[in-house]
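Chemist: Keeping their order, the protein sequence lines are chains Y and D. Be aware that the first sequence starts at 1, since it is given in the working numbering, and climbs by one per residue. Be aware that the second sequence starts at 1, since it is given in the working numbering, and climbs by one per residue.
Heads up, some of the hints might be wrong.
Said to hold, decoys possible - Chain D is faced by these chain Y residues, among others (derived, beta-carbon under 7 Å):
{"hint": "1", "residue": "Y24"}
{"hint": "2", "residue": "Q53"}
{"hint": "3", "residue": "G145"}
{"hint": "4", "residue": "M187"}
To be verified - A short, non-exhaustive set of chain Y residues, derived as facing chain D with CB atoms under 10 Å:
{"hint": "5", "residue": "N52"}
{"hint": "6", "residue": "F112"}
{"hint": "7", "residue": "Q113"}
{"hint": "8", "residue": "G122"}
{"hint": "9", "residue": "L125"}
{"hint": "10", "residue": "L201"}
Said to hold, decoys possible - Computed Cβ-Cβ distance ranges for the label pairs, DEER-style:
{"hint": "11", "chain 1": "Y", "residue 1": "L15", "chain 2": "D", "residue 2": "I245", "range": "23 to 31 Å"}
{"hint": "12", "chain 1": "Y", "residue 1": "Y44", "chain 2": "D", "residue 2": "M38", "range": "53 to 61 Å"}
{"hint": "13", "chain 1": "D", "residue 1": "M38", "chain 2": "Y", "residue 2": "A89", "range": "26 to 34 Å"}
{"hint": "14", "chain 1": "Y", "residue 1": "I171", "chain 2": "D", "residue 2": "E113", "range": "48 to 56 Å"}
{"hint": "15", "chain 1": "D", "residue 1": "V18", "chain 2": "Y", "residue 2": "P86", "range": "51 to 59 Å"}
{"hint": "16", "chain 1": "Y", "residue 1": "S181", "chain 2": "D", "residue 2": "P53", "range": "22 to 30 Å"}
{"hint": "17", "chain 1": "Y", "residue 1": "A89", "chain 2": "D", "residue 2": "E49", "range": "16 to 24 Å"}
{"hint": "18", "chain 1": "Y", "residue 1": "W10", "chain 2": "D", "residue 2": "V282", "range": "35 to 43 Å"}
Think of the hints as simulated: they come from the structure by calculation, not from any bench. Even glycine gets a Cβ: it sits at the ideal position worked out from N, Cα and C.
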Amino acid sequence: MNIATNPWIWLSAILTLCIFSFLYRDNMLYRFAEHLFVGVSAGYLIALTWHNQIYPNLMRPLFVEANFLYIIPLAFALCYFARFIPKFAFLVRLPIAFVIGWGSGVVIPAYFQRDILRQAQGTLLLPEAFAKWDTGLWAIVVLVGVICTLIYFFFSRERKGIIKPAANFGIVFLMLGFGASFGYTVMARISLLIGRLQFLLGDWLGIIR
Amino acid sequence: MKILESLTKIPRQIIFLVIALAVAGPLIIPIGIPVNVMPQTQKLFNAMEELGPESKPVLISCDFDPQSLPELYPMLLAIMRQCYARDVKVVLMALWPQGTSMVELAFEELTAEFTKEYGVDYAFLGYKVGAAAVLLGMGENIESVFPNDFYGTPTNSLPLMSSVKNYKDISLVVTLSTGDPGWRFWLLYAQARYGARLGVGVTAVSAADVYPYVETGQVIGLLSGMKGASEYETLVSQKQYSRGILRASQGMDAQSLGHLFIMIFILIGNIGYFIQQRSRKVQK
C-alpha cells in the first residue's frame, strides 16, 4: 500500500467519495460536491468561451487589428440580445435566419450522403455479399430487418394481411436494437465505476498499479 | 415463496454495495478472463498496420473529456503506441476543449517509452471552437484553420505539417469520441463530404449507433467502450508495441463480473415479479 501524498489527488478522492455518498442517500456532502462542480464548470466555460471564441474571433480582429469588417458579425451577435427589448425583439430573427440558412445548406447534402444514399446502398443485396455463405446470410437478415422495421413505422395503411406479421417481425428487430443499446449503456456505466475505482485504489490508496 | 417475493424488495444500497464489491474485487485480485478481439476492432488495427514510416500521417482527434477517460484514454494510448512503434507520423487535435489535456497526459505518459521528436514525428494542433466550420475548413486547408499549433508555433514551420494540406494528405482519421461534436461530425463532414478514411473509438453508450456505418464501410473500424480499448491493447501488446500498463485490460475482469451480477439481479427481480403476479392472481 502506497498512499498518495499529492494534495490534489486527496482532494479529488474526497470529492469522489462525496459524490458516491449519494448512493446511500441524498446528503450535505453530495450537495456540496455537486454545487462545487456546477460552479467550477460554469466558470470554466465562461473563461473558455472568452479565450477561444469571443476574443480571438471577434475582439482581437476588430479592436486590436482594426479590421472593421468584423462590425457585421458583432452587430449580428448583438441582435440576439434584442429579444430583451420587446420593441426590437424581431431583430433576433436575423442571426437565427443566418445560422439556419448556413447550417441547412451545409448539412442537408452531407446528411443525404451519409444516412440515406450510403445506408440504402449498404442494405442492397450485392453479389459480393454472397462471396461467403455467412456474409450472404447476414445481408439477407439486414435487408429483412430494414424492410420489416420500416413497415412497423408505416402508419398509412391498416395493419392487416401481410403488413401485420411483417410489422410484428419489425418489433423483434427493434427490441434487439434496444437490447444492444441497453447492454452497451450498462457497460459504459460500469466502465465509469471502474475508472473511479482504479483511481481510488491505484492513484490514491496505492493498492493496485 | 415469501423469500422469493422479498427478492423484489432488495434495498438499492445492497445492490450498489454488491456491484461495488464485484467491480473492486477483480481490480485487486485479477482473474484473467481472456479477451476476444471483435472483427471491427481487428479491422481498425489492420488498417493501422498497413501504414509505415513512409505513409501519410494519421490524424487523431480527441473529442472527449475526463469523464470518458476510463473508456477512451486507453484507446488513445494504444493507438499512439502502435503509431510510435511503427514510426507512423501522428497529428493530434481536439474538438472538445478538455481533449487537449488528454493529449498532453498521453504525451507525458509515452515520453518514457518512446523517443520521438515534436514537429517531426508528431504534432498537436490543439482545440478549435465550431466543429462544423473546423472540419469543413480542414477539408480545404488545415493551416488556415490551425495557423498555430497548440503551443503557439506557426503550423507551417513544423516539418511534419509541410506536406499536410488537407484530408487528402492524411492516411487515416481516428476520432475518439464521447458525444457531439465527435464521430457524427467527422462522418458527416470529413468522410461523407471529403472522403476521408475514418476509424472511430466511442464510449459504449454510442457504440450501437456506429455499427450501421461500419457495415457500409463508411467507418473502417470501431472500438466500442472499454471492451474495444482492451481488445486494441491486447492486439498492440501481442505485437510487443507496448511496455506500459494496459488500463482497459486491467478493468475487463471487473467489467465481466459487474455484468454477471447485474444479470443475476435482473433475473432475481424478474422471478420475484412473476411470483408476485401469480400469488396476486391466486388471491383473487
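Chemist: All the hints need checking, so say for each whether the structure fits it.
Modeler: Hints, one by one, checked against the model:
Given hint, Y24 (chain Y) at the interface with chain D, holds; its Cβ is 6 Å from that chain's nearest Cβ, closer than 7 Å. The closest approach between the C-beta of Q53 (chain Y) and any C-beta of chain D is roughly 5 Å, which is under the 7 Å cut-off, so the hint is satisfied. Here the hint on G145 (chain Y) is broken, as its CB sits about 11 Å from the closest CB of chain D, past 7 Å. This hint holds: M187 (chain Y) has a C-beta 4 Å from the nearest C-beta of chain D, less than the 7 Å allowed.
Checking N52 (chain Y) against chain D by beta carbon gives a least distance of about 5 Å; that is within 10 Å, so the hint holds. Given the 10 Å rule on beta carbons, the hint for F112 (chain Y) holds: about 9 Å separates it from the nearest Cβ of chain D. Proximity of Q113 (chain Y) to chain D holds as hinted, the smallest CB-CB distance being about 4 Å (cut-off 10 Å). Look at G122 (chain Y): its Cβ gets to within about 3 Å of chain D, closer than 10 Å, so that hint holds up.
With its C-beta approaching chain D no nearer than about 13 Å, L125 (chain Y) sits outside the 10 Å limit, and its interface hint is violated. The criterion of a C-beta within 10 Å of any C-beta in chain D is met by L201 (chain Y), whose closest approach is roughly 6 Å, and the hint holds. Look at L15 (chain Y) against I245 (chain D): about 24 Å separates their beta carbons, and that is inside 23 to 31 Å. Our hint of 53 to 61 Å for Y44 (chain Y) and M38 (chain D) is violated, since their Cβ atoms are close to 36 Å apart.
Between M38 (chain D) and A89 (chain Y), the C-beta spacing of about 54 Å breaks the proposed range 26 to 34 Å. As the Cβ distance of I171 (chain Y) to E113 (chain D) is approximately 51 Å, the hint placing it in 48 to 56 Å holds. Between V18 (chain D) and P86 (chain Y) the C-beta distance comes to about 58 Å, which sits within the given range of 51 to 59 Å. A hinted range of 22 to 30 Å for the beta carbons of S181 (chain Y) and P53 (chain D) is inconsistent with their spacing of about 41 Å.
The beta-carbon spacing between A89 (chain Y) and E49 (chain D), approximately 59 Å, falls outside the hinted interval of 16 to 24 Å. Checked against the given bound of 35 to 43 Å, the beta carbons of W10 (chain Y) and V282 (chain D), roughly 57 Å apart, lie outside it.
Hint violations for this structure: numbers 3, 9, 12, 13, 16, 17, 18, all remaining hints satisfied.
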